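Residue numbers (my numbering), protein chains in the order written: chain W, 42 to 706; chain X, 46 to 368; chain P, 24 to 195; chain G, 15 to 536.
It cannot be assumed that every hint is accurate.
To be verified - Label-pair distances were calculated between CB atoms; the ranges are:
{"hint": "1", "chain 1": "W", "residue 1": "Thr535", "chain 2": "P", "residue 2": "Asp153", "range": "33 to 41 Å"}
{"hint": "2", "chain 1": "W", "residue 1": "Gly63", "chain 2": "P", "residue 2": "Asp161", "range": "30 to 38 Å"}
{"hint": "3", "chain 1": "W", "residue 1": "Glu184", "chain 2": "X", "residue 2": "His231", "range": "53 to 61 Å"}
{"hint": "4", "chain 1": "X", "residue 1": "Lys235", "chain 2": "W", "residue 2": "Glu184", "range": "31 to 39 Å"}
{"hint": "5", "chain 1": "G", "residue 1": "Thr215", "chain 2": "P", "residue 2": "Lys165", "range": "53 to 61 Å"}
{"hint": "6", "chain 1": "W", "residue 1": "Cys245", "chain 2": "X", "residue 2": "Lys258", "range": "55 to 63 Å"}
Simulated from the structure, these hints should not be mistaken for lab results.
Remember, predicted model here, so these are calculated numbers, not experimental data.
Built from N, CA and C at the ideal position, the CB exists for glycine as well.
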Amino acid sequence: MAESKDIDRNGIQIGVYVCHCGTNIAGTVDVKALTEYVATLPGVTMARNYKYVCSTPGQELIKRDIHELGLNRIVVAACSPCLHEKTFRSVVAEAGLNPYYFQMVNIREHDSWVHTDKRAATEKGKDLIRAAVRRVRLHKPLERKRVSINPAVLIVGGGIAGIHAALTMANAGKHVYLVERDATIGGHMAMFDKTFPTLDCAACILTPKMTAVKSHHNITLWTLSEVTQVDGYVGNYQVTIKHKPRYVIEDACVGCMECIDACVYKQAKVPDEFNMYLGKRKPIYIPFPQAVPQVVVIDRESCIEFKSGKCKKTCVEVCADRKAIDFKQQETTETIEVGTIILATGFFTVDAKRVPYYGYGIYPNVYTGLEVERLINAAGPTNGEVILRDGRKPQRVAIVHCVGSRDENTNRYCSRVCCMYSLKLAHLIKEKTEAEVFNFYIDMRTPGKGFEEFYNRVADEGTHFVRGRVADIYPNPGDGGRLLVCAEDTLMSTVRKIPVDMVVLSTGLEPQPDAQDVRRRFHITCSTEGFFLERHPKLAPVNTFTDGVFLAGCCQGPKDIPDTVAQAGAAAAEALALIDIGYIEQEPNTAHVLEEVCSGCKTCIPLCPYQAISFVENKKKAEINEVLCKGCGTCVASCPSGSVQQNLFEDEEIFAEIEGLLAYA
Amino acid sequence: MTREKPKIAFYWCASCGGCEEAVVDLAEEILDVVATADIVFWPVALDFKRRDVEQMLDGSILATFLNGAIRTSEQEEMAKLLRRKSKLLVAFGSCSHLGGIPGLANLFTRESILQAVYFETPTTENPDCVLPGVPGKDGNGKLTLPYFSERVRALDQVVEVDYYLPGCPPLPRIITRAVATLLGEHLPEKGSVLAPDEALCTECPRKDSKPEKIALKSFKRPQEILIDETQCLLAQGLLCMGPATRAGCEAPCVLGNMPCTGCCGPPGRVRDQGAKALSAIASLVDSQDEQEIDAVLASIPDPVGTFYRYSLPASLLAHSRKV
Amino acid sequence: MPDVSSNLSQAVPLEAEQPAFEPRVVAFFCTWCTYMAADLAGTSRMKYAPNVRVIRVMCSGRIDPQFVLAAFANGADGVLIGGCHPGDCHYQEGNYNCLRRVRLLKRVIEELGIEEDRFRLEWISAAEGDRVRVVINDMVEKLRALGPLQMKKEVPLRPLSPEEHELQEVAV
Amino acid sequence: MTDATTAGKAWSQAAKKAGEQYLHRRITIDPVTRLEGHGKIEVFLNDAGEVDRAYFQVPELRGFEKFVQGRPVEEMPQITSRICGVCPTAHHMAATKALDALYHVEPPEAAKKIRELLYSTFMVEDHTLHFYYLGGPDFVVGPDAAPSQRNILGVIQAVGIENAKKVISMRRRLRELIALVGGKPVHPVFGLPGGVAKRFTPDMQKQFQEAAEDAVAFAAFTLKVFDDLVLSKREYLELITSADYTHRTYYMGLVDDENHVNFYDGNIRIVTPDGQEWKKFPATDYAEVIAEHVEPWSYAKFCYLKPLGWKGCTDGNDTSIYSVAPLARLNASDGMATPLAQEQYRRFFTTLGGKPVHHTLANHWARLVELLYAAERMRELAHDDRLLAPEYRLLPTALPTEGVGVVEAPRGTLIHHYHTDEHGIVLRANLIVATQNNSARIALSVDKAAKGLIHGGDVPEAVLNKIEMAFRAYDPCNACATHAFPGDTGLGVRVHDGKGNVIAELRRDHNGQVTKNRSVRR
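The following block holds chain W by itself, in its conformation from the complex (with noise of 0.2 Å):
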């Protein structure tokens, strides 16, 4: 610690406190001296250095020096701000002064952590925190504003993870408006036949929440819906959904299906969705049996009332009175208010035709993960029945991991799920089909409960493994259009050919094609491969940068099912605190006008993306609706005459940071 002479005229007494953050800071940067240093300079009181500064001794430290020395400023030069800045305005609120006489300097994630060079990233921290130093002066008291939350919550996609959340949120006696694209909600793993590892059926399991939300008073559900727009901020969000037409009308429906045998195909003709094209449905259909909500849908590409406007519409004539079928049905848009946001979109399995050497689309046999499911389910398309195009049982099964994961050419993580359902796969091929079963993969990853007790189980049951990425898929000549697999085998090193009848690939997943729109859409951001972005990896997995806007399941990452329904649990929480507490105290970083010199000259008008100032036609002036603000200071920089202004972003506070930075003390 080092205590400087200076007593600055204005009365401003600065306390600088650096922060060793073990060596994660004083490993690069000389604490030490950066303190020495920071005592020197102008209006600086006290500077100390300390190991952990947001630990709880530090914290005390910094109070009890405001208390002993009559400190009225506070830098602290620590981590990114992003962490720690809330902890220490309130340090700097509880020891008596206003929380914004604070200043946080980021030495670990843009100095220690990102340079070697000791010297060099000291003599950095000296200038970050100079101006650090010259900016507090100026900064002003402020006050949090409040906002209040409607307690109404959007729910973005009726998976499992949308499930979930809404369900427990509904149950805690919040309104929720669950908004699903498809006719029915239940998602993918509505598509699986059993779960890993404990091998119990999804439908089982999944089907009583469906209808706990169908059936639930306080869960709005929207089936051919998606949201197109969403304007707002935390707390006070407007919605705008769009309603896709069903041409049956949802109320009126009964689930009797009556008009589906009535259909003038007498056959189902049209390759069904659901069943991964691999069986056919009507255009007039249910996607599934369980599908919730129990309402048939009329596919306009199909229905030849549609194409032709002759049909007999003998759908309509069973449907008699209750005349459920609407023809002439059109898309609705609504707007609803709501305070928070859970996004629960799901994700998008790797088309595997773009790992072309696999032959999928080429070779009839060659099968993804996905498809196997339905095959392998009873409801499926062959009544749970796995045979091949032709009709046969394989004999000898190939299954190939990580199709579209760890790969250069597709994508480089790990998709995370596709090592257990292959290996559930496995299991339930062998189940159904006694046939011999080959699984390729690069590495065996079952971190879970009861994941490598499960692949034990499989291997006992004589599933082969190979350790080796899979080179290539071909017909074998003259062998009745079996296919050869072939794979270095890394651990015989040796590169295996095997014939089999069936290859299923298992494809990795992705983030939804559309998964950029909806990010812009609701104002969040993406991480590299796509899926949306955190708040903080560790710390805030649900949150993201926008308050009031949460995810859950795969939207965010690859996950299995417990994983997902902990994450829509945890969104459902987070979203819950806000409700609970009923406001949210939001930075005063808004923008206002300096009346009395605004020339009114209109240019700061336009440029506001939330509509937040106005012309006072009696003043002739502008004005900034400050709930409305939401401080990005665009309007400041662009008033010509200097007469807006930004709360923690005056300009004259950024000319004292620049100069701080560059004055040569």
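Given chain W, put chains X, P and G in place with the hints provided.
Coordinates of chains X, P and G only, in the frame set by chain W:
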């Protein structure tokens, strides 16, 4: 009256004389000024000489109104002399306040200016490449000229300045008000500009015609359009500096149906008039695409000459330099 | 050649301080993207040149051209602006306003004699920690090559050659 | 005012007693006041104490020719008007006319009328300024009155407060009219290629008509003042015609088709020292006829007649220097285009012994003749309804290239010449400014005055006033000047001995007493 009248002086450096004209334009009011104070030095109109000033006691002049920028060694001497003799030194008019239009010369080196004037102009006949200031044989080489310095400087880059009177030239009304203020009891804060602190739009006769949103696909030069006499000039695509310029002139240029060019300098809160004007003008561009933005901005042929028409020597970059 | 930058170099007594020229760069980063990216570079322990000092603003739209000039005026050899990618602004359009200003400001400062490599705008998202490293290293390299911000070489005064005089006469 | 004054006598006696000490005297005038521009004078004696050469120096430069490069050419009317705040309208107009040429656009009739009306108004105003504020006091108040009296305030006392008010309010009204059309009286903004920025309204016309009436009356009144206070006094006439103020040079001015004086447009006409037409040419040919000479001892360039070559600052029949401004314009023309002025024109030449008049001081009278013409012309135009024609601007369509614009500024012929790229960005500019045309002749006056008055190292006080008088007659415009002419230093007369040492410097204190300071360079 019994007590001696306060002494005031007017002087010019590198100026066009327009500021002097502005004083003469006080017309009748000049008589009132004379009544309240003695004008002890005013080369353009009165027979007092430099030596008279040198003989005065330091600080014996209450206020000196100095117009014109500083370019030559001689102008610098005079500025320093008058600073010494005056209690209050007032930078009078754009040149003295900000450097003024001659300050645009700072875009060029001293050498290139001399080259243009004495070698390049088509009517110059200078076969021997004679340059003024380089002593020739004339007068046994005893003839001297003041040094034509590297750059134009605003008055406060040479001596301490107490107040500023903006404008090219300052409005007579502003002058009389200022003289009255300085002769009066309560002096304004040192360093202040003796004019309103708002931007010109406040007093622009076309203020009400300005739309809330202006989005431009191209800026216009005055010769490209028939200028509407009632509509906001910016809205017509003309580069009007009004929003970034201090009020007080009552927008005569707009009354002349031409855009403001910024002679009164920036309001007090702005450090660099050009930068602020630029910022506001850029925000009018109706595009989000970089190439298109560049294309739109290309219709501003001379950004520096437009945004720094009067303030280049006083701009942030220039100010940073040790004089 | 503008002599504006000339005494700028005087405002930068770098040579006096350390023999080897180390450029000083002032960076203005928006909180939501580029500042986060710089944090990410830190948490990922990436290493880059220590010549940059970051000033945090909420949005690149807050960056007043005066700040850039002030940075140069106070001795910066370079100024770097970092904001969210087009379309990604946390405040919807702030980065477009930044872009408009920067495009115009570039023309001005280049006419005032500041080389274009000294003033740079980069879109760096919160996820692009490595981009921060790459951009900063690249910029510092370029600045090293340029040397301290200073007046360009003056055109020495010289009489026109007879040919040039010819040209003048013809031209006008 | 000549060395016959008591002060002069007293000094001469003292001087004789002082004997050899003359050689250690300094004499200064600093600064020369009441003229729109200053200068510095250095006199060099030979060993015999006779004047070897007197130098007139201009110590300042602003370099407009250079820094307008890169600017949009349409800004020239406003930028170049900053060359001179006394005659901004002249520069504004010359530049505007250059723009017409450069954009190859002929302004509509209304525009031309509006421009010339405004220009005439400006000429009335500027000539008034000079006569009453700057040059006039020498005569009106009297050259040997105390300096504290020799100014507008003195004039006010001489002509009576009522008339003074008349002068002041007349000038104010005229400047308000200029502002009415041009936005500002100083540095107006109306000029655009192909016309003017603003429509002319019937209300404006009415105001101009009324003002013009009074202006004509005012001009007549001013001529009367001149008659009563100057022409009626023999010693003044002698002074005006005295040899020291008489140089035989060429004269230049704009004339219309009838060779009448015109301020706004026409051909440039040059007459020989004998008054014969030497050349008459359109402004575009100026570079063939006018050249600028550079001396190392002055920032000002010296104009001369190119075909004759530079022959130094000498007068007589084989001189190559010429003069501009009122006297020159009258000499270079065959008359005035308006009746009352024409009458004064005739009277002027008969009184002063026929054309051409070589007496520098006659400029004051010539200026008043022009004042009357300007007022009459103003009245004519103010009654011309073509002012109100709806078309007052043509948008240029041709690519800009190059253009020359000329007007008669109050202080003489003014030429602007620009060359641009296809975007209308100035590549090169050349400016031949009124006062610059005169700089050689001014130098000549100085040299003559010195030679005529300094003998045997005896430096009489009168040399000072002679030079000041000469200056004011030219009314050299500091401002025009400062684009390449002096801005801030004072005129001082310094006398050097044969070795170039300063031996004397002359100045007058503000009681009008001449003081002689011992040379500091002893």
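To see whether the hints hold, each was checked on the structure:
For Thr535(W) and Asp153(P), the hinted distance range of 33 to 41 Å is satisfied, since their beta carbons lie about 39 Å from each other. For Gly63(W) paired with Asp161(P), a C-beta distance near 32 Å keeps the hint of 30 to 38 Å intact. Separated by about 35 Å at the C-beta atoms, Glu184(W) and His231(X) break the suggested range of 53 to 61 Å. As the Cβ distance of Lys235(X) to Glu184(W) is approximately 34 Å, the hint placing it in 31 to 39 Å holds.
Distance hint check: the CB atoms of Thr215(G) and Lys165(P) are about 60 Å apart, consistent with the given range 53 to 61 Å. The hinted window of 55 to 63 Å between Cys245(W) and Lys258(X) holds, with their beta carbons roughly 59 Å apart.
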